Every structure is written in structure tokens, then in C-alpha cells.
Amino acid sequence: MSLVQEGQNIFDIATENFGTLEQLFVLLNDNNLAVNAKLISGQELVINKINVGDENIKNFITLQNITLNNDQGEKEPPLLGGDYNADYGNDYN
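Those letters in the sequence shown? Residues 1 to 93, per the numbering used here, in order.
No lab work stands behind these hints, which were simulated from the structure alone. Certain hints may be false.
Computed beta-carbon distance windows for the label pairs [as the list claims (entries may be wrong)]: (1) Leu63 - Asn36: 14 to 24 Å; (2) Glu22 - Asn70: 10 to 20 Å; (3) Leu63 - Ala34: 16 to 26 Å; (4) Phe25 - Leu68: 24 to 34 Å; (5) Met1 - Asn65: 30 to 40 Å; (6) Asn32 - Leu63: 11 to 21 Å; (7) Asn65 - Ser41: 13 to 23 Å; (8) Leu63 - Gln5: 29 to 39 Å; (9) Gly42 - Phe11: 28 to 38 Å.
The model shown is predicted, which means the values in this text are computed figures rather than measured ones. Don't be surprised by glycine CBs; every beta carbon is placed ideally from N, CA and C.
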């Protein structure tokens, strides 16, 4: 079992537990999830530890106590530019 933490997605969970995304579809199948499923903090996921993809990466993540989290709720502000008009120029006004 693996508990989902705030902001984690299925790719984070797969990488943490398998060291690679090669077992992503096994993880999805074992938990009846779609690839775009929104995970909930505290949700328990079944982890099939039989085929770990990259043992070195998985061990590094575990030994360094790393929690992968690709969505911490911080969004980059949109890039603002000039308005494009008939002369195809940037007019900053």
C-alpha cells in the first residue's frame, strides 16, 4: 500500500515505488484508475512490488526520504506581452 500525499499524481506514485514509469499501467490496473485520475490526499493505492523497474532509482528515492510531488498548487503566472494588431508588431500601451 502507498498513501497519496497532497499534490501527488499517478506519475509521482509510480516513480517513487518503481523507480520508473514502466509499471505505470500495472499501477493503474491494480487500482482501477485512469491515467488522468485525480488522486486524493490520504488515498491508499495498491502497489505490486514484484516487478520494480529501476531498483537503483527506487532505493535512492527511499533512502533520501524524497517525496515526489509535481503539483504543489503553485501555478506560474501567464506571460504577458503586447497586443498584436494589423501591423503584426508588439504595441505595449
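Structure-based check of each hint:
1. Leu63 - Asn36: 14 to 24 Å: 31 Å, violated
2. Glu22 - Asn70: 10 to 20 Å: 18 Å, holds
3. Leu63 - Ala34: 16 to 26 Å: 32 Å, violated
4. Phe25 - Leu68: 24 to 34 Å: 18 Å, violated
5. Met1 - Asn65: 30 to 40 Å: 18 Å, violated
6. Asn32 - Leu63: 11 to 21 Å: 31 Å, violated
7. Asn65 - Ser41: 13 to 23 Å: The hinted range 13 to 23 Å holds for Asn65 and Ser41, with Cβ atoms some 19 Å apart.
8. Leu63 - Gln5: 29 to 39 Å: Since the Cβ atoms of Leu63 and Gln5 sit about 18 Å apart, the hinted range of 29 to 39 Å is violated.
9. Gly42 - Phe11: 28 to 38 Å: 19 Å, violated
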